[in-house]
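Assemble the complex: chain A is given as a structure, and chains B and C must be docked to it using the hints.
Residue numbers (the numbering used here), protein chains in the order written: chain A, 25 to 332; chain B, 153 to 484; chain C, 7 to 573.
The hints are simulated quantities; they were obtained by calculation from the structure and are not laboratory data. Take these hints with a grain of salt, some might be off.
Partner residues are not named here, just some residues of chain C that face chain B (Cβ under 10 Å, in silico) [to be verified]:
no.: 1; residue: Pro90
no.: 2; residue: Gly96
no.: 3; residue: Asp122
no.: 4; residue: Gly251
no.: 5; residue: Asn254
no.: 6; residue: Gly255
no.: 7; residue: Ala256
no.: 8; residue: Thr283
no.: 9; residue: Leu445
no.: 10; residue: Val451
Heads up, the beta-carbon is just placed ideally off N, CA and C, and yes, glycines get one too.
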Amino acid sequence: MADIADRSPHIGAMETWELPERKSFTARWWRIARDNPVGAIAFVIVVAFVFLGLFGASFAPSDPTGLNAAEKYLSPGSGHIFGTTKFGQDVLSRTLAGARIDLKFGAIVLILGFLPGTALGVISGYTGRWIDYAIQRSAEAWTAFPQLFLLLTFIAAFGPGLKTVELVVAIGALFGGSRLFRAVALVEKHKEYIAAARSTGASEWRILYRHVLPNIMPYILIGLSGVFAAAVLIESALSFLGLGVSPGEPSWGADLNTGVQTGGDKYPWLVIFPGAAISLVVLAFNLLGDTLRDVLDPRLRGSTGPRK
Amino acid sequence: MMRYTLRRLSFLPIIVFAVSILVFCLLRVLPTEDIADVLGGQNASQQQKEQIREEFGLKRPIFPVSAVGSAPFIELHRHSQYGDWLLDAVRGDFGKTYTSGKSVREEFQRGFPASFEIVSLSLAFSVIFGVTFGVISAMYRNRLIDYVVRIFAVLGTSIPEFFLLSLLIIIPSYFWRYSMPVGGYVPVYEDPWTNLRLFVPAALVIGIGGSSSLMRLVRTTMLEVLRSDYVRTASAKGLPQHTVIITHALKNAGTPIATAVGTAFIAVFGGSVIAEKILSIHGVGLFFFFSTQSRDLPVIQFLAVYTAAVVVVINLLVDLSYAWIDPRVKYS
Amino acid sequence: MGDNELGLRYWQSQRLTRRRLLGTAAAGAAGVAAISLVGCKSTSKSTSTPSGATQPAGKVLDGTQDGPGKPGGTLRVRQSSPLPSMKPFGPSILALAQGLFLGFTVFDHMWYVPTDTGVTQLFLATKLEQPDPLTIIATLGDAVFHDKKPVNGRKVTAKDVAASYKRFREEIPFGFDWTHNVMDDIVAVDDHTVKITQKFPWAWVFTSSNAGSPIFSSILPEEILHDDTLLPKDAIGSGAWVLAGHDNGANIQLKKFTNFRDKSRPLLDAVDFRLITDDVAGLAAFKAGEVDSFGFNSKTDADDTKSALKDKIVVSSDLQRDYMCLMLKFEPPFTDERVRHAFNLLIDRDEALQLLVEGSGLKSGPLPPAHKKYTLPDDDKDLQEYWRHDIAEAKKLLDAASFDYNTEIELKHSVRPGDAQLSQVLKAQLAKGGVKVKLVPEDLVKWFSQSLGQSNFHMTAFQHLPYEDPDLPLRFFLSSEGERKNFMQYKDAKVDAAVLAAAQELDETARIEKVKQAQKVIIQQWAPMLNIYSEIGYGARYNYVKGAITGRGSLGLFNQTTWLDKA
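Isolated chain A (complex conformation) (with noise of 0.2 Å):
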């Protein structure tokens, strides 16, 4: 009966059934966006990070690193949204401006560490044995200790500066990404699809390439949003204590440093305003980071953030 087909749609599809209709690309991630608002919001602010990575000098309303002896320490309002510096620079084109360093330094970290850090851990686990064994054991090793000393550790052998510090990072990342990737491929290495390509013949590389690597595509992605969250925040650290950027570059952490320094209590805007832009970016990555795990593997979801 008519109403009975109106209450209850299924009876209706039933008779009319057909394929529902693949969405097209776009459509699906906007269905995605819309479904994760806030890792919507936070792909937007990772993108506007790297946008002004690489070109936020040019968007700065003056100059970031030059000299105002008549506009120093002037607080927030007309003219300079965020108020000057010491040297009367503009503290909203420094923090545009400061963008930079931690996108490059991510982006270090990420290509010398990570990558190959994916590509070890893969390795590792789909090889077994002593290689995964020697690998794992350093990796542990490694990251068992804090971060911090380690670098400080570094830091006393080879001297101040970003060069040491990217080295570092970067074998965190290494070891990080190995330990990921090579429980993502201890997983991928047991699944159907590779016995039915093996059967087939396929070489053992050919099987890791063409199969195994799109499996590990979303964890690569999940993987990169921890690592440039985790590398922003070791840059600002660093900086913070004066072991990272030259003086005088624009660097979150280094001006928040600055800021406390000359005063804090007396000019917040020195230390706000960098301080929000490092945890805004920061957080980004780990919303971003998290939407994806949920979209990608909700699996994953509940396991713990970026190691501090």
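Then chains B and C, alone, in the frame of chain A:
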């Protein structure tokens, strides 16, 4: 279990030994600059530089064993930098700092109480806060409190500790002209009020800020556990909820929580450098930081070994706690 | 007096600030060795007149201004870092810190020359004669050493004096200083007479940069000069203060030497040093009344503290003798005088003063402004040109010299906050002229020993130590010869001639003219060290601390006339 503990403890010296060799290599073998170059640099004659090297003990070979080109292919040295260091170290003498010439151990002991206080207080707050809110969040899943806690947790991993601590100092000063007693570490038995005034707010900030991982983990584990059979049985038996939670659920969730607490400790321990710097507390963390800046090798040497020891002991404690929490875990 | 203390925390460069540098006679020691200074900070401080008003800056006080003074009392001073040892000499630059501290307290000297008058004040020496420009004969008065083993309070003789000077000469890590370059020999003619001979006449011989150095002219008992077991632990001298105790170089205690050659000095019974490494903690301790004096890092700190403590303290200010400079290595592109001139035109000294010290300071010519007797008058044409800031003109000069705008030039500096900030400002100012600068921060000791010391730089910016007379500031421009070294590796015959002429002019009036002339030549030749400014330093002491000597260079650091007006 005793034997397990002892066996694990016996690894401690080996690990520490390995770390000390690695650090020695890192600090002395690799860098090309020499303290004599740096100190005596300008206009110092070769002879004066050699004298400086002699003073700092750098003229000895680095390791007790070194390779030589011809038979017997190895050479043993009675005095070597590492050999002498090791022999002294096992007796508790870790040499003198380059900066002040004082005994490394003394300087460490001077700074240790302050560090110990900040780390243990922070960890305590972290655990209390993390476990409590993790449990609450799990119990009231998807209600408002849960969302608030989860937001809090994400914020905690994102907002850097140094920012929070800086705000902790700045905000009271800016608004209420209240300044923390920074710079003066006073032991708690001497002046409890000043001591607590300095440490408690900072430990709260660090502890709560760092509790996110723990909170999330507790929440996840509790969620799993709360749905399990034995918990439902306990509830069905009519046990009061808090007994259910504490006696049954937490204990079963204990193992991953213990691991997370161990991780939290390492995190707080590592973060002590930043905390001490901002608060001007002269503890071990700041000692490490200054020594890094001055490339004070004996100190770094010692602190690396100390860190390794701490890491191993913490890991051991965490493993042992498994046995205590979960009777099914047995160590032979 | 007493107030700020500087700490040499070697390599703890960040802890060293301007306020903390004290002049050392270390020849050629460019503004580096921060020294554990004990006792009065020479730089700031004037005590208040009885009505409570602050002395105008620069007023000179000789310790008698508050009346006869009461003996007794203990002065408490902040010590910002421990002394690594009590040995006043050694091959490393660290020894300078000890030498300086002990030189002002435990050891006595034959004479001392205060910066303001330039007139030699006799200490142990009762008569000084210069029969010819190369010879100095000093007649010593009676004095005894501190009563400690193995010296046991015996008399001070000329042999002790001669042996001490020679020992310092052996141990100084620097090649360029008076004892190495100018002094020929020093002998004890008899128990009470010392004869010094020089290789050539040197007008500045008596000053604290030369034979009257608070470090190198310290008198030690002969028998302990080579005692390496005793020296690091205990300092035995004949000065006004006895080293009564210390805790591994921290919390040093000095007691009045009752058998000091001047029975009316010192007035205080003791001086106690409290180790407070952190600046903020130090200020807090001062505010809490735990130390009696303090040197501020900035005018703002001074103002804040004054408004907090009001009449309980007296804040004073004084033009410092230390000064900021930009040093260029004498190699392309800086061999072209037009480039040097252009760089000078690009430096905006007024802006630097505004940004770095809130305007609280004075621009510097080749000679820092604190040496008032010797500096060029403000309206001097050459000095005007030196201080001119003209970006357009600079660009024209650079273009004419075919300056390569595309290469980045390295500017090395130490990580001391003062040096680092100065470098940032200079980089930005040079950038306005199209010059690309790359900042290279370095460890303090590494910067000093290697980059500066071995002339391993293209440009470097730093703060000079507060030299007490024009000798050292001018000597930086002298070309290298023999053991003498020029950091910029600069060589100019005209500059050499002008500076040497001044240094060898024994008549003071004529010498003043020659020093002025030397400055003019330095400017005209655009010598590659461009001096920027000297700042005004602020300090404070509680109003019961009286009798300080201020404005007279480091003379006040001997702390012999301070007394406490406490019930």
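Against the earlier hints, flag every one the structure doesn't satisfy and list their numbers going up. 3, 4, 9
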